[in-house]
Each structure stands twice: as structure tokens, then as C-alpha cells.
Amino acid sequence: MQPILSVKNLTKEFKGFKAVDNVSFEVGEGEIFGLLGPNGAGKTTIIRVIATVLAPTSGTAEILGFDIVKQPEEVRKNIGVLTTDIGVYERFSGRENLRYFGELYGLSGDNLENRINELAKLLDMKDFIDRKSGKYSTGMKQKLAIARSVIHDPKVLIFDEPTSGLDVLASQTVRNFMLNSKESGKCVVFSTHQMRDAEKLCDRVVIIHKGKIIANDKVEVLKSKNNAIDLEDVFMKLVKSSF
Amino acid sequence: MPKNIITIWKKELKDTIRDRRTLVAMILMPMFLMPAMTIGMFKLMDKIMKDQEKQTVKIALSGEDNSPELAEMIKSQEKLEIVSMNKDERKAVKEEEIDAAVVIPEDFQEKIEKQESASIDLIIKSTNTKSANVATILSVIITEFNNQVLQKRFSEQNIDSKILSKVSILPEDVATEKETGGFVLGFLIPLFIVMWSIIGGQYTAIDVSAGEKERKTLESLLLTSVKRRDIVFGKFLAVSSVAFVSVVVAIGSFYAALMYAGGFGPMDATGSGIAGSVAVNFSIEPQAILLLLAVSVFLILMFSAIILSISIFAKSFKEAQNYIGPSYLVVILPVVLVNSIPGFEPTLWYFAIPAVNATLLFKEVLMGTYDFGHIILTMGSLIIYSTIAILLAVKIYSKEGVLFRD
Ligand SMILES: Nc1ncnc2c1ncn2[C@@H]1O[C@H](COP(=O)(O)OP(=O)(O)OP(=O)(O)O)[C@@H](O)[C@H]1O
Ligand SMILES: [Mg+2]
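Residue numbers (numbering that gives the first Met the number 0), protein chains in the order written: chain A, 0 to 242; chain B, 0 to 405.
What the hints contain is simulated information worked out from the structure, not anything from laboratory work.
Ideal placement from N, C-alpha and C gives every residue a C-beta, glycine not left out.
Just to be clear, a hint being listed does not mean it is correct.
Claimed, not checked - Which chain A residues face chain B? A few, computed with CB under 8 angstroms, are given here:
1) ALA18
2) ASP20
3) VAL52
4) LYS76
5) THR82
6) GLY86
7) VAL87
8) TYR88
9) ARG90
10) PHE100
11) GLU102
12) ARG147
To be verified - Below, simulated DSSO-like cross-link-like pairs (lysine-lysine); rule was C-alpha separation at most 30 angstroms, straight line:
13) LYS140/A <-> LYS181/A
14) LYS49/B <-> LYS74/B
15) LYS398/B <-> LYS211/A
16) LYS154/A <-> LYS140/A
17) LYS398/B <-> LYS69/A
18) LYS7/A <-> LYS239/A
19) LYS17/A <-> LYS215/B
20) LYS46/B <-> LYS93/B
21) LYS134/A <-> LYS13/B
22) LYS398/B <-> LYS7/A
23) LYS90/B <-> LYS78/B
24) LYS9/B <-> LYS134/A
25) LYS314/B <-> LYS14/A
26) LYS217/A <-> LYS17/A
27) LYS17/A <-> LYS239/A
28) LYS78/B <-> LYS46/B
29) LYS14/A <-> LYS215/B
30) LYS134/A <-> LYS74/B
31) LYS134/A <-> LYS7/A
32) LYS398/B <-> LYS181/A
33) LYS9/B <-> LYS140/A
34) LYS317/B <-> LYS398/B
35) LYS120/A <-> LYS131/A
36) LYS398/B <-> LYS209/A
37) LYS314/B <-> LYS76/A
What the hints assert, rightly or not - A few chain A residues facing chain B, derived, Cβ under 10 angstroms:
38) ALA54
39) LEU81
40) ALA144
Throw the hints in and build the complete structure from the sequences for me.
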């Protein structure tokens, strides 16, 4: 399998503190890959380094052969990144937000409008997309943020806790969106604290603890290796035993 | 120009216009503040001048009986108000209870009759400006009195008093009108342009940088494939456009207020005096307007880039305001200084100091002087400073510290 995303010996230090410690993994086409780990494990930091908003201390990552350090603009063109704790332009409607980002990726005219309508349908945003986004609820903002991150239909989707703050229905909408993307040959990486989501969706997961990878395998394999009934059980056992 | 720069420029303008606070800072403030300041200032100047004209000085006059003639002349001078004193005149002048004291000595009349030279005593306090005026007023009276004395002596000796005719001065004061006209042209306009070049774009600059960081939208913008350089340029053009609009609004409404106040405005008959004379003296040649605009644009570009660089350092809107507040003083202070020193003759290198150079050049152009050395040095240095400031902003945006600063 030809990897679409490959992370190679990635290390990120903040003033001597290793938030990410020599992390390597690969994700292929049509694969959903889970980043799991307790709070402060380094998941968001890994995502930000891949997304080129943070520079790696050492190591690197490649997306479709583009290096995150040497070709950051090419990398950003091919990834759609949703980070946690992110805002929207509150004086603009949802549609205007999407239009702006679409234009920044070079979309325009009917192409752009069709893409916006398509995403509004996929993410169930039709009821509110033309309202001022400053008045959105948490879940509505989250959906808008997801739509914005994939407006340019990138090959690689990287979502940091995409279902946080969403109700059951909205969570399902987002999960279906990720499954759809997988089916159309995308490579999806997402971090979550919802072990059930991970179990349902992920082909493979890594478990990160204190910046280091402590497991990297298919969910089924991890379960049998650790004598666990489900992924949550695997997570508990591995995190507690790795001190 | 890359398309993304235009996209960001347009978006930031739309965003800033939808914010009522920008509208207030960019349009309403200059629109109402400038005329209010202008009219208020003219009213004040008119009042000061009127007060000065009708101001009377209080003096004490003692020894009236020693020369009723002279005493009568002093009393009839309408600018002098005679107050009767029963305490020591020196003390009263010192305590500024009265402005001056005039003493006609006992032997005054006797000396005049003997054809000896006589004198009167004048007690003043030079730190009191009114007091200083008394000497001038008195000398006019004394000249007149001397004339009368001489005339009397000549006629006693049968000499025609015509030989007394002498050269006299007919003063005509034209200074105030021209000076106030020049003051408005050379002082207020440069000051207003510099002021609004900074204030006008300030709100938008903070909003698109620190504000965007605070609202957590900056990361999503940095996640797009747009070059960091293009992001900075787009934002920079938006800030500059806003500042430009507010400079134009400020100068435009100032001009309108001037014409209104000078012409048929709401001012009373007395109030229209100074504004009227300024409005009449106020004329700018078209090429001067073009030059003013061109230099203003470069000034605005420089300030916009600097403010954008400063405010991106800040984590929040508030913090950015704290940084920019003092920097504003750093600019305005030297500008006001070089602007208000009368007869200040700048050497060439003054035209390389940012903001100061524009102020001096505006002043020259408004007075009708075009010095090409000054124009080129001013424009050139402003372009260099703008470029440095923009490159700095791009550099700051290209570091991860733009998002995550400790
Ligand atoms: N900009 C930064 N400066 C300094 N330290 C940071 C910075 N960003 C993250 N860290 C530190 O790096 C570590 C990993 O943080 P990170 O946000 O990647 O964790 P996470 O796995 O996403 O956690 P969570 O599940 O809570 O979101 C934490 O100890 C955090 O304090
Ligand atoms: Mg996180």
C-alpha cells in the first residue's frame, strides 16, 4: 500500500518539553486512522505540525510526497484540517464564510456554489447556512468549521475531535461524512476521546501517551493482543501500564 | 497582484464595515470631531482677541492735584480704569490687585513752569502682561502732553507752533489675518493628516490581527494554502484603505466646516471674524492637492504596516491597544513639536524622519513651496520605511509564534 500521509520520527519540543516524541506512522488511501490518547498526550500538537502551523523540532511528515517543512503551501493545498477550539467569522453568514475559504483555494462561480450546497446537504446545514454565524450554537459552528476545512475537497482529512460538542444526531452526521470520504478514496485521520466512535470508524488506531506512541494497529488486533472486550478496555490497560 | 491578496483585502473590508465600531472610528469620528474642533477653536481664538481688545487695565493714580491737566488726560484714556487706593501702591501692584500705579510728583507742575525736565513715576510688574501694556499706553499720553506743553511754551515766546509738526507713524496691523490663515494651512492640516493616518486604520489593524487571533479564526486562515505573504498584504491593504478613507473624510469635513463657519455659518457676527478671514485666505492649488494625497498615501502605508506588525504580537484586542497607545504619542509628539516651533528651519535630514518629514513637506506645499529634494527624500524614505515594516509583518506571520506566543 502506497501511503498518502507518512509521519517520520516527528518530535516537537516546547522550550525543552517534548510534547511529541519521535512519532512515526503511515496512512493509506481509503483509510480512517484514529489518534487516541489521554488529555495532553500530544494529539493536537501532531496535527498542527502536520498542518504546518507548528514547525517540527526534528523529523518530518510527507503528504502525497510533499514535505511539510520544504513545501508547506503544497501540503496545505492537499489537506483539510479541523482543529479544536476554532472560531468562525461571526459577522458573516455560514455561506459567506465558506465562500471566502473557497475563494482562497482558488474556487469560484458555480463550482464554488455547488460545492457549498453539497457540503450543506452532507452536513445538514441547510437550515442555518444563510444566517449570521455569530449567532450559531456550538454544534452549528462545529459543522461550519468542518465544511470550511474540506471546502477544497482535499485528499487528506485531518480532524481534531470533530464530534466534540455535538448531539447524537449531529455526531452521526459527522461520522457518516467521514465514512463517505473514506469511500471516495480519501485518507482520514481523526483524534477523539469517544472510544466507540473510534471502534466503529477506524481501520487502524495509534494510542499516544506523553508524546510517545504506545500502540499502533488494527482495532481487532489490539483487542485480541490485550485480552480486551472493547477499545476502551484496550486504552485503559495500555495507558495505565505505561509509566 | 495575486488573486488571494484581493480576496483577503475585500473580505477584511467587508468584515470591518459590518462592525459598527469601525464605522465610528473611521467615518463618524473624523466627520464630527474635525468640524467641532475647528469651529470650537475659532470661537476660542475670536474670544481671546475680543477680550484683548476691550480689556481695561486697572491703575492707581496718585498726585492728581500736582497736575490736573495730565491727570485729566490719563483719566480720559478709555483703556485705563482708575481705581482709588488707600493702601501702598507698590504692594497693590505686587499682589496684582491693580496692574500699575502712576505717581505724579509734587514738584511736577513747578518744574514744568520753570522749563526744567519733569518726570512721573510708573510702578509695574513685568510678569503681569497687562501691567506691561501700561507703559505703552502712558507713553502715548505723555507724548501728547509734551506736545501741549511745548505748544504753550512756543506760543508764550511767539513762535509758530507749526515747527512742532513732525514725522508720525500710522501703523496698520495685518499680521493676525495672515497668521491665522497660515496657522490653519500649515499647522492644522498636516497635523490632521498625520493623526488620522494612524487613528483611522488603527481599529481595523487590531481587528484583523490580534482580533482575529482572539476570535480563534486566524488558525483557520493559516491552515489554507494561501502564502503568508499574501495574507499580510491583503490585511495591510485593507487597513490602508480604511485609514485613507478616514483621512479624506477628516480633511473634507474640516474644509467644509471652515467654509461654513467662514461664510454664512451659524456663528454670530463676532465669531465669523477669524474663520472668515481664514476661509478667504484658504486656497490650494490642484498640484498641491495631488502632492498632499500622494505623500498621505505613503504615510498611511507606513503607519498601517507598523500598526499591523505591532498588533500581531498581541494575544488580544486589549493587549494590542496597550501597545499602540504609547506608540501613537511617540509619533504625534515630534510632529507637533516641529510643527509649532515658529520660523523653524528644517535641515535636509529632517525630511528622512518618518511622519516628521511628511508634516514639514505638507507645510511647505501648503505655503506654495515645492522643493524637489525634500519631496524626493520624503517619498523615498517613507517608501523604505513602509517596505521594512511590511517585510517585518510578513516575517512575523511566517513564524509559528504568530499563533502561539508565550
Ligand atoms: N503552544 C504550546 N506551547 C507550549 N506547550 C504546548 C503548546 N501546545 C501544546 N503544548 C503542550 O503540549 C502537550 C500536548 O498538548 P496537546 O494539545 O497536543 O494535547 P492533546 O493530546 O491534544 O490533548 P487533549 O486531548 O486534551 O486535546 C501538553 O502538555 C501541552 O501543554
Ligand atoms: Mg487536543
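Right, here's what the structure says about each hint:
1. Given hint, ALA18/A at the interface with chain B, is violated; its Cβ is 11 angstroms from that chain's nearest Cβ, farther than 8 angstroms.
2. Hint status for ASP20/A relative to chain B: violated, with the closest Cβ pair at about 19 angstroms, above 8 angstroms.
3. Nearest Cβ of chain B to the Cβ of VAL52/A: about 5 angstroms, under the 8 angstroms cut. The hint holds.
4. The restraint placing LYS76/A at the interface with chain B holds, with a minimum CB-CB distance near 4 angstroms, inside the 8 angstroms limit.
5. A least Cβ separation of about 6 angstroms between THR82/A and chain B falls short of the 8 angstroms threshold, and the interface hint therefore holds.
6. The interface hint given for GLY86/A holds, since its Cβ lies 4 angstroms from the closest Cβ of chain B, which is under the 8 angstroms cut-off.
7. For VAL87/A, the interface hint holds, since its Cβ comes within 8 angstroms of a Cβ in chain B; the closest pair sits about 7 angstroms apart.
8. With a cut of 8 angstroms, the hint placing TYR88/A at the interface with chain B holds, because the nearest CB-to-CB distance is about 6 angstroms.
9. Nearest Cβ of chain B to the Cβ of ARG90/A: about 4 angstroms, under the 8 angstroms cut. The hint holds.
10. The beta carbon of PHE100/A is positioned within 8 angstroms of a beta carbon in chain B (closest approach about 6 angstroms), and the interface hint is therefore held.
11. With a least beta-carbon distance of about 5 angstroms to chain B, the hint placing GLU102/A at the interface is held under the 8 angstroms criterion.
12. At about 6 angstroms, the closest approach between the beta carbon of ARG147/A and any beta carbon in chain B falls short of 8 angstroms, and the interface hint on this residue holds.
13. For the hint linking LYS140/A to LYS181/A, the alpha-carbon distance of about 23 angstroms falls within 30 angstroms, and the restraint holds.
14. Restraint check: the Cα-Cα separation between LYS49/B and LYS74/B comes to about 23 angstroms, which is no more than 30 angstroms; the hinted pair holds.
15. At roughly 26 angstroms between alpha-carbon atoms, LYS398/B and LYS211/A fall within 30 angstroms of each other, so this suggested pair holds.
16. Under the criterion of a C-alpha separation no larger than 30 angstroms, the hint pairing LYS154/A with LYS140/A is consistent with the structure, at around 23 angstroms.
17. Between the alpha carbons of LYS398/B and LYS69/A the distance comes to roughly 14 angstroms, so the proposed pair stays at or under 30 angstroms and holds.
18. For the proposed pair LYS7/A and LYS239/A, the alpha carbon gap of about 26 angstroms is at most 30 angstroms, so the pair holds.
19. Distance hint between LYS17/A and LYS215/B is fulfilled; the C-alpha atoms sit about 25 angstroms from each other, no more than 30 angstroms.
20. Distance restraint check for LYS46/B and LYS93/B: the Cα-Cα separation of roughly 28 angstroms lies within the 30 angstroms cut-off, and the hinted pair is therefore satisfied.
21. The hinted pair formed by LYS134/A and LYS13/B meets the criterion: a straight-line CA distance of about 18 angstroms does not exceed 30 angstroms.
22. For the suggested pair LYS398/B and LYS7/A, the alpha carbons sit about 22 angstroms apart, so the restraint of at most 30 angstroms is met.
23. Straight-line distance between C-alpha atoms of LYS90/B and LYS78/B comes to about 22 angstroms, which keeps the hinted pair within the 30 angstroms bound.
24. At most 30 angstroms may separate the alpha-carbon atoms for a hinted pair to count; LYS9/B and LYS134/A meet this at roughly 23 angstroms.
25. Taking the CA atoms of LYS314/B and LYS14/A, the gap is about 19 angstroms. The hint holds against a cut of 30 angstroms.
26. A threshold of 30 angstroms between alpha carbons decides the hint, and for LYS217/A with LYS17/A the separation of about 27 angstroms falls inside it, so the pair holds.
27. Distance hint between LYS17/A and LYS239/A is fulfilled; the C-alpha atoms sit about 20 angstroms from each other, no more than 30 angstroms.
28. Restraint check: the Cα-Cα separation between LYS78/B and LYS46/B comes to about 18 angstroms, which is no more than 30 angstroms; the hinted pair holds.
29. For the suggested pair LYS14/A and LYS215/B, the alpha carbons sit about 23 angstroms apart, so the restraint of at most 30 angstroms is met.
30. Straight-line distance between C-alpha atoms of LYS134/A and LYS74/B comes to about 80 angstroms, which puts the hinted pair past the 30 angstroms bound.
31. The suggested pairing of LYS134/A with LYS7/A is violated, with an alpha-carbon distance near 42 angstroms, which exceeds 30 angstroms.
32. A distance of roughly 33 angstroms separates the Cα atoms of LYS398/B and LYS181/A; the hinted pair therefore is violated under the 30 angstroms criterion.
33. At most 30 angstroms may separate the alpha-carbon atoms for a hinted pair to count; LYS9/B and LYS140/A meet this at roughly 23 angstroms.
34. Of the pairs offered as hints, the one joining LYS317/B and LYS398/B holds, with about 22 angstroms between alpha carbons and a cut-off of 30 angstroms not exceeded.
35. Under the criterion of a C-alpha separation no larger than 30 angstroms, the hint pairing LYS120/A with LYS131/A is consistent with the structure, at around 18 angstroms.
36. Between LYS398/B and LYS209/A, the direct Cα distance comes to roughly 26 angstroms. Compliance with the 30 angstroms bound is thereby established for this hinted pair.
37. Straight-line distance between C-alpha atoms of LYS314/B and LYS76/A comes to about 27 angstroms, which keeps the hinted pair within the 30 angstroms bound.
38. The interface hint given for ALA54/A is met, as the beta carbon of that residue sits about 6 angstroms from the closest beta carbon of chain B, less than 10 angstroms.
39. Checking LEU81/A against chain B by beta carbon gives a least distance of about 9 angstroms; that is within 10 angstroms, so the hint holds.
40. The interface hint given for ALA144/A is met, as the beta carbon of that residue sits about 7 angstroms from the closest beta carbon of chain B, less than 10 angstroms.
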